[in-house]
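Residue numbers (full-length UniProt numbering), protein chains in the order written: chain A, 1 to 481; chain B, 1 to 481.
Worth flagging that the hints you see were computed from the coordinates, not collected in a lab. Worth double-checking, as some hints may not be accurate.
Since the list can't tell identical chains apart, any single copy or any two copies may satisfy a pair.
What the hints assert, rightly or not - When the alpha-carbon atoms are kept at most 27 Å apart in a straight line, the in silico DSS-like pairs for lysine-lysine are as follows:
1) K327 / K293
2) K420 / K327
3) K122 / K308
4) K304 / K11
5) K327 / K297
6) K466 / K327
7) K102 / K316
8) K466 / K58
9) K122 / K293
2 protein chains.
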Amino acid sequence: MTIIVNLDKMKVTEFKYRFTGPLPKANGTEFRISKLKPPFGRVLQDAVIFQPDGPGFKIDGHVVRWANWEVHISFGVRAGLVISLASIFDMDMNKYRRVLYKGHLSEIIVPYMDPSEDWYYKSYLDCGEFGCGQSAVSLEPYTDCPAGAAFIDGVFAGQYGTPTKIPNVMCVFEKYAGDIMWRHTEATIPGLKITEVRPGVSLVARMVTTVGNYDYIVDYEFKPSGSIKIRVGLTGVPEVNPVEYIHISENKEEDIHGTIVADNTIGVNHDHFVTFRLDLDIDGTNNSFVRTKLVTKRTPKSVKTPRKSYWTTRPKTAKTEADARVKLGIIAEELVVVNPNRKTKHGNEVGYRLLPGSTSGPLLAQDDYPQIRAAFTNYNVWITRYNMSEVWASGLYADRSRGDDTLAVWSQRNRKIENKDIVMWYTVGFHHVPCQEDFPTMPTLSGGFELRPTNFFERNPVLKTKPINFTTARNCTTEKE
Amino acid sequence: MTIIVNLDKMKVTEFKYRFTGPLPKANGTEFRISKLKPPFGRVLQDAVIFQPDGPGFKIDGHVVRWANWEVHISFGVRAGLVISLASIFDMDMNKYRRVLYKGHLSEIIVPYMDPSEDWYYKSYLDCGEFGCGQSAVSLEPYTDCPAGAAFIDGVFAGQYGTPTKIPNVMCVFEKYAGDIMWRHTEATIPGLKITEVRPGVSLVARMVTTVGNYDYIVDYEFKPSGSIKIRVGLTGVPEVNPVEYIHISENKEEDIHGTIVADNTIGVNHDHFVTFRLDLDIDGTNNSFVRTKLVTKRTPKSVKTPRKSYWTTRPKTAKTEADARVKLGIIAEELVVVNPNRKTKHGNEVGYRLLPGSTSGPLLAQDDYPQIRAAFTNYNVWITRYNMSEVWASGLYADRSRGDDTLAVWSQRNRKIENKDIVMWYTVGFHHVPCQEDFPTMPTLSGGFELRPTNFFERNPVLKTKPINFTTARNCTTEKE
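Please model the complete structure; the sequences and the hints are all you need to start from.
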């Protein structure tokens, strides 16, 4: 059923039945634990996590200090969680050094792949049209964020201009995932076996934004080694379309635009493109973007070895915005934001490298309206010159936008970006062909990327990190939460 | 200095000085905590992790049971940790269903990118030449594996045929990383706000193999949702080359084949290609490999909407091995191993999807000797017909091999693979341009992939999972470990 309302006239102007068929049954769609009947799955063990001296981070207003990191955390109606002034302590220099001036979600676009009248317009700009901050939810202790997490409220101007608070909308926690920060066993010295291992712990700042049916878990993870990992987890409920049948063999359509996930229910094909804006300030404001191609070379005849080839590095600094549009996965290259004004003792430019994740890009035609509005997804990575009005990849006014104010348009100005205040834009892309496991709620599907110090420090910055003292608790009294 | 020994004659046949220069100083290369002087880095908090009822897994001989998983874990001299008979309990069917008959490391090749006489031959086949099991190390509690881990010894026939044991060479632990298994906040029902969150816990089986300078952390992670994540972490000490200078501006060579990482020390460019052999048995022995292209379509004129395009799925079952050679990152496609003999209630073929990680492939020339031996890296993914003699991607006898018995050669037989017992080969690739942070020990760099159920279950298999009861411990007495 399609109802079109003319909001200027406040009148229903069209009313159409497309399809009359059986309503998908509620049976199997319940996901509340209190309403579900046994048997339940093989239940996970209860757990206690306990830090004798409390958590390792300190929150002072909006500033979080943990290990060698100092990070400002705030909240906005459109972006949700905002990281600012992220700096890492350098033991050699005995001072904090800036990495990220500001980083946050800029847009999420979710185009569905059914071109019919009921679905064609579903290409939501989640942050621009709904507000990824406004749609963020209060986080639940122990489940949304683990034991030991600290929760922070979000306050913003609501839809009617009044102050609006979402309690516990962000959390900060230490992640003890059993990772190894670094290790080495040296077994080649006769009579001596050295094993040194440092366990990996990191600090995570998290928000969850639920834009209608989907829940996005957005994590900013800081590692003592200097890495920042940004990750988005997709969960929630997939969007579905009713059909008359229960078994795919009964289908008479040429294309069902998805997968039958339950009785009378098609999970519709779609994409998620999650775009982050990262105003990096690598050890200062003025930075450059270096694309270092790895190029195969034939071994010169002068080198007398049986080796016929090797690869070498061909660094090229992007002069303008056009030089810095990257489609991932096509060529082997290292992508590094450097500060050309700062060099290490050995003469390397200090920098942070981008370690990309998925290489998914848009598949819609370039002349299609949703893709004109989503032109910011045409490349996985863009670098722009800093401009205070360029914050939202889909444009300042995304609702009913026509694509004339997107990141892709700004990049057309082709500004100089060498040794300037520059901004990196990274899109985490997912093509989603639904499957039955996604129904009625979808196990989290994750993607993301890493920013990793590359000649930023003179040496491994966590070389002189003491192993954590782990203790075993005995004779505890425990209280259920 | 190069010394060539003729092992048949047991004689030194060549002795060459290439280069006389300053020996890199030991200063800055120490990584033992006991030898390092203050100040140390901002130290991470001590931690206690405590499960009142002990860990959630049970080990019975070589079989580990945890949540809905049952997995056999063993050890081999060449592969190290071997996963067998991994099966997941299906609540709807009230039985365990097979996913992975056998999965393990098959080979790691590490070609270095300096073609000179001293380096050209460095293209190590770590598992075939050294033994990734033989080189595996005893794991240290609390640092290599977190609190609550169980350790398992590895026993194999040693170099002289005698039984050899590496104590605690594998560990199994529950990973409480603060992940969310699934969640949804339903805010669209007037007067009712529903939030349901299930925290994510997984089971990890780990080994670390130290082949000379590099330490590889190999993790097999099982999630209650049915996903298997396989991940390799690279750490240890990079291989270095001495040079006369301290600052890059002093360099007179055209190509230094790496990065100056410390005084008189070049970290040499190289790759790591880590190949896993996965004998999948998705709900039975006979499986097929389906490549589903996502294809952009123009909206037909008959569809009266402003939408001009969408993507749809074009599944194609690989008939032979040639159809199943995949270079990742070039086209949008879903890669699914299905059991064509088993369908869901709705008629979907039960399957497991591959969610790839990095798309790095080899850059050496195809006629170069190391690449002929490493031809198994020419594609990121291969599917072969099961053959009991095809286990080691580099060939059964890798040492001094000439590339006539590799995965690439077997695949040339182009056997039929539709509805057969098939084996998936996946290579996790890294190009490594060293940076100063990698010296003297390298913070872990991770890569991997996920195998995820796709129409294997009738619905979200963890829908009916109770939230974990987290408890807060009080009044504990603690003992330092």
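The hints, checked one at a time:
1. K327 / K293: Answer is both: 13 Å inside a copy and 19 Å across each meet the 27 Å cutoff.
2. K420 / K327: within (23 Å within a copy, 37 Å between copies)
3. K122 / K308: between (54 Å within a copy, 13 Å between copies)
4. K304 / K11: Classified as between; 23 Å across copies, 84 Å inside a copy.
5. K327 / K297: Both. Shortest intra-copy (23 Å) and inter-copy (22 Å) distances satisfy the 27 Å Cα cut-off.
6. K466 / K327: neither (41 Å within a copy, 42 Å between copies)
7. K102 / K316: within (26 Å within a copy, 45 Å between copies)
8. K466 / K58: within (20 Å within a copy, 32 Å between copies)
9. K122 / K293: Result: close only across copies, 22 Å inter versus 39 Å intra.
Hint 6 from the earlier list is the only one contradicted by this structure; the remaining hints agree with it.
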